[in-house]
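S.K.: Construct the complete structure from the given sequences, taking the supplied hints into account.
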Amino acid sequence: MLVNSKPEWPPALCDQKLSCCYSTTGKPTLDFGVHGLRPNYDNGSYPSSCDNTNLYDETEIKDLISSMQENWPTLACLRNKGTKFWSHEWDKHVTCSLSTLDEHSYFKAALTIKEKELSQEAFIA
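Read left to right, the sequence shown gives residues 6 to 130 (this note's numbering).
What the hints contain is simulated information worked out from the structure, not anything from laboratory work. Treat the hints with care, as some may be off.
Okay, the calculated beta carbon distance ranges per label pair [to be verified]:
#	residue 1	residue 2	range
1	H93	K67	17 to 27 Å
2	S72	N48	27 to 37 Å
3	S53	S110	16 to 26 Å
Virtual Cβ for every residue (Gly too), placed ideally from N, Cα, C.
M.R.: In structure tokens:
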């Protein structure tokens, strides 16, 4: 089972941290963001780092990068375009669900969930 680990509201997240930086692509929109989509066991725990031979490959998701930068930003002070954060999520959590989703399908699914379930409009409706 894949679950959204937690939606994020960037302004509140930054208010809670002493150090919060926007990525090199700029300030994220005022909307909920994705933190991750992970495989979970029924008891709430999750597997991690299951396949170190199938690591994050940005070339697999070239067509999704601009949408990911807008909808799945990193707020850690890493000064990058989000790739370290996305790589971490893929390498640590998602390699455990490769029988279900390949890399492109995983990131596309997370963006679709964000669009349909985590937008402000979804909460207002």
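S.K.: Now, for every hint given, state plainly whether the structure supports it.
M.R.: Taking the hints in turn, this is what the structure says about them:
no.	hint	in the structure
1	H93 x K67: 17 to 27 Å	holds, 19 Å
2	S72 x N48: 27 to 37 Å	holds, 33 Å
3	S53 x S110: 16 to 26 Å	holds, 20 Å
Figure legend: structure checked against the earlier numbered hints; every hint is met.
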